[in-house]
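Protein chains: 2
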Amino acid sequence: MTAEIISIGTELLLGHIVNTNTAFLSRKLAEAGIDLFNTSVVGDNSKRLACALNLALTRADVIITTGGLGPTVDDITIETIADLTGKPLVQNKMVRKCLENYFKFKRLKMPETTMRQTYTPKGVRCVRNKVGTAPGLIAEWKNKVIICLPGPPRELEPMFSADILPFLKNRSKNSCVIKSRTIKITGLPESVVNNMVKGLLEMKPPTTVGIYSKPGQVELKIMSKAGNEKTAAAAIGRIEKKIRARLKNFIFGCDEQTLEGALGNILIKEKLTIAIAESCTGGLLADRITDVSGSSKYFIMGLVAYSNVVKENILGISGGILKKNGAVSREVALEMARRIKLLAGADIGVGITGIAGPGGGTNTKSVGLVYISIVTKKKKMVKELLFKGSREEIKFQATQVALDLVRRLFY
Amino acid sequence: MTAEIISIGTELLLGHIVNTNTAFLSRKLAEAGIDLFNTSVVGDNSKRLACALNLALTRADVIITTGGLGPTVDDITIETIADLTGKPLVQNKMVRKCLENYFKFKRLKMPETTMRQTYTPKGVRCVRNKVGTAPGLIAEWKNKVIICLPGPPRELEPMFSADILPFLKNRSKNSCVIKSRTIKITGLPESVVNNMVKGLLEMKPPTTVGIYSKPGQVELKIMSKAGNEKTAAAAIGRIEKKIRARLKNFIFGCDEQTLEGALGNILIKEKLTIAIAESCTGGLLADRITDVSGSSKYFIMGLVAYSNVVKENILGISGGILKKNGAVSREVALEMARRIKLLAGADIGVGITGIAGPGGGTNTKSVGLVYISIVTKKKKMVKELLFKGSREEIKFQATQVALDLVRRLFY
Chain A
641 MTAEIISIGT ELLLGHIVNT NTAFLSRKLA EAGIDLFNTS VVGDNSKRLA CALNLALTRA
701 DVIITTGGLG PTVDDITIET IADLTGKPLV QNKMVRKCLE NYFKFKRLKM PETTMRQTYT
761 PKGVRCVRNK VGTAPGLIAE WKNKVIICLP GPPRELEPMF SADILPFLKN RSKNSCVIKS
821 RTIKITGLPE SVVNNMVKGL LEMKPPTTVG IYSKPGQVEL KIMSKAGNEK TAAAAIGRIE
881 KKIRARLKNF IFGCDEQTLE GALGNILIKE KLTIAIAESC TGGLLADRIT DVSGSSKYFI
941 MGLVAYSNVV KENILGISGG ILKKNGAVSR EVALEMARRI KLLAGADIGV GITGIAGPGG
1001 GTNTKSVGLV YISIVTKKKK MVKELLFKGS REEIKFQATQ VALDLVRRLF Y
Chain B
641 MTAEIISIGT ELLLGHIVNT NTAFLSRKLA EAGIDLFNTS VVGDNSKRLA CALNLALTRA
701 DVIITTGGLG PTVDDITIET IADLTGKPLV QNKMVRKCLE NYFKFKRLKM PETTMRQTYT
761 PKGVRCVRNK VGTAPGLIAE WKNKVIICLP GPPRELEPMF SADILPFLKN RSKNSCVIKS
821 RTIKITGLPE SVVNNMVKGL LEMKPPTTVG IYSKPGQVEL KIMSKAGNEK TAAAAIGRIE
881 KKIRARLKNF IFGCDEQTLE GALGNILIKE KLTIAIAESC TGGLLADRIT DVSGSSKYFI
941 MGLVAYSNVV KENILGISGG ILKKNGAVSR EVALEMARRI KLLAGADIGV GITGIAGPGG
1001 GTNTKSVGLV YISIVTKKKK MVKELLFKGS REEIKFQATQ VALDLVRRLF Y
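Chains as they are written, first to last, in this note's numbering: chain A, 641 to 1051; chain B, 641 to 1051.
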């Protein structure tokens, strides 16, 4: 079964809102094994909606529209469907009753315009809206199905999950499932990962691998379509094994796992504590570490040492070292890591100093230059890095490398 | 001039990512007064992309594609455009040079596959990608323009703003402009703002006002379409004046301004410095303050005092106060603010302590309870708040209130 989504709303074409409905529906359709090859957006315009519907009817079995079901004159979905299918508009008693109850419950007088929403094309099935006023529609016509859903995500999402998805699954009699697994990698650019998984990216369905570049990390998504969950999971398992053999410890996690979460698991397992002194990342490293629930078990303290005075007075770095090497230097990063470890009595100390930009660069030290140091009982290291991007991007990339350097202590 | 957007990527059709590129481009096109009536998404499939392009060519003057410009076999945009226009692929020396420099800068060996990105249809204009590897394209063909942009937003957005938009504006010679202004409000829920601007939200074009709820803030977007910039700006100015009269200092800024940026401007103007001690927000407040370029002028230090030991040993809060009131208390928040101000020698001290959850709640102190204290030479205050949401949402809301409390010292 092939589906197509048409989103209706001038606010989408003006960029006032992001089309999260299409992303939600796409994900749900994929999980149900229903193919989706095209999605589109049109404004609140009958003629253009009719065009889009006619085109979709030539290539899909099920057309799902979102939006344009409200009570105002801008809402043109119902009339357009009625015109297209030649079904006259008739008042639906169930919808009328529901609307009357809705306003009674809210202790509000029903506006005149609302009555418009009680008229639907003759013979179509109305789907109750448990959150808002606009009912959904399921119109079967010439062996195709047109499904109309309300625009607000909080109305669309429960309606789709509760009523539309079971209807589609039943109709498609699709005995297939799609499962997926995302393998997350850091420390390598996309092009290098691409080379390392050559052959896998070219696989054809039912099992495929896609590569996605995200800030500071690369993700490989394995998808498999099969007759049942077990077969799909086994196919994914086989590919995952191959990917793990090639990328080894560049992989930090899977699916919903974050780098800071993966590091947290290691620190808990190893019963180790961490303390950080950051300058150019300005608190972002501490923020990411503490985004992990339970991080208080291993995170002792973070110091955002933005000025040299703080580096001297609180961390106790000698003025001589700062003066000789400058605040952005290998030596100061190392001292920050060493001294925060001492100050906090932690097992691991991290120091970060650099130039996040856009100002602050010099001839010898350009914007994006960052030194990251890790100090443990047994090990001392400093890494020099050069990042590109906006201030926020440089901050993020630096924290990504810092988290990864700590993680790699254990591999 | 009419534009149409075609987004290319199977990951969009699978719902793995949300199509923010289309929202961004739609907004920019609207602001430039360029009509957009249709947008669509197709997967990484040459045939379906060709179909979409052919359809778009029948109804738009400018077609903008996003995605599919990478070095992998999935990336089919360039070949499809070459086939469609009959222009052979030739190596572009400028693109080659840029790519070589890119890898040199990153100190990486250029992968073989990257070379694929140096081939573009003969005669098209290549647009430099200042962030990633894939160049953009401007192909003029049969009186139409096809513009190809890279998929990652951090590459697409600067390229569009710097190179594509000026090209389109010049070509469209559009006699109408759409201007907009976003008024940003914090400290009031959407329903209250909604009531306060009644009458304005119901305005009809050419000048309209929309209300949007964002995490920790509410935004009012004024839009105006007119024959020239001056008329549109004047119409917006009149409405803005009305909004400002009603919402007064609940408004912290406009358009691209952030709350941390607005606070930064105040601190620079007042020549004041700030230091913060945060517990439950875990570094997020310092991170937000230091996201502002030039924040080193007023931000002295941040301390993420996650454990009681740090609160005692580094901040010097007496064990008695901690024991008597608990770490999450009015008294400890005040001590954190007072002592970090002292430690840093700053003009303003901020202390935050609370329970970000999901764990850590008790019968008397529930998840979401946060105490925020501000201490200056003349003033001491503590505010008790109760936030709802995920760990990240609670952290964010607490920093939003903290920033706003400091801002309000000056109103």
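The set of hints was computed from the structure by calculation and includes no laboratory data.
Take these hints with a grain of salt, some might be off.
Since the list gives no way to pick one copy over another, a pair counts as held whenever it fits inside one copy or between any two copies.
As the list claims (entries may be wrong) - No farther apart than 25 angstroms at their CA atoms in a straight line, the calculated lysine-lysine pairs in the BS3-like style are these:
no., residue 1, residue 2
1, K854, K668
2, K784, K687
3, K865, K1023
4, K1005, K881
5, K861, K1005
6, K861, K770
7, K749, K824
8, K746, K1023
9, K746, K727
Tested hints:
For the homomeric pair K854 and K668, the shortest alpha-carbon distances inside one copy (20 angstroms) and between copies (24 angstroms) are both at most 25 angstroms. Both within a single protomer and between protomers do K784 and K687 lie at most 25 angstroms apart by alpha-carbon distance, with minima of 20 angstroms and 24 angstroms respectively. Within a single copy, K865 and K1023 get their C-alpha atoms no closer than 43 angstroms, and across copies no closer than 53 angstroms, so neither meets the 25 angstroms cut-off. Taking the closest pair of Cα atoms, K1005 and K881 never come within 25 angstroms of each other, the shortest separation being 43 angstroms inside a single copy and 46 angstroms across copies.
When the C-alpha separation of K861 and K1005 is checked against a cutoff of 25 angstroms, the pair qualifies neither within a copy, at 38 angstroms, nor between copies, at 42 angstroms. Within a single copy, K861 and K770 get their C-alpha atoms no closer than 31 angstroms, and across copies no closer than 27 angstroms, so neither meets the 25 angstroms cut-off. Only between protomers do K749 and K824 lie at most 25 angstroms apart by alpha-carbon distance; the minimum there is 22 angstroms, versus 46 angstroms within a single protomer. In this assembly of identical chains, K746 and K1023 lie within 25 angstroms of each other by CA distance solely across copies; the values are 14 angstroms between and 48 angstroms within a copy.
Taking the shortest Cα distances, K746 and K727 never come within 25 angstroms of each other, neither inside one copy (33 angstroms) nor across copies (63 angstroms).
Consistency with the previously given hints fails for numbers 3, 4, 5, 6 and 9, ordered from lowest to highest.
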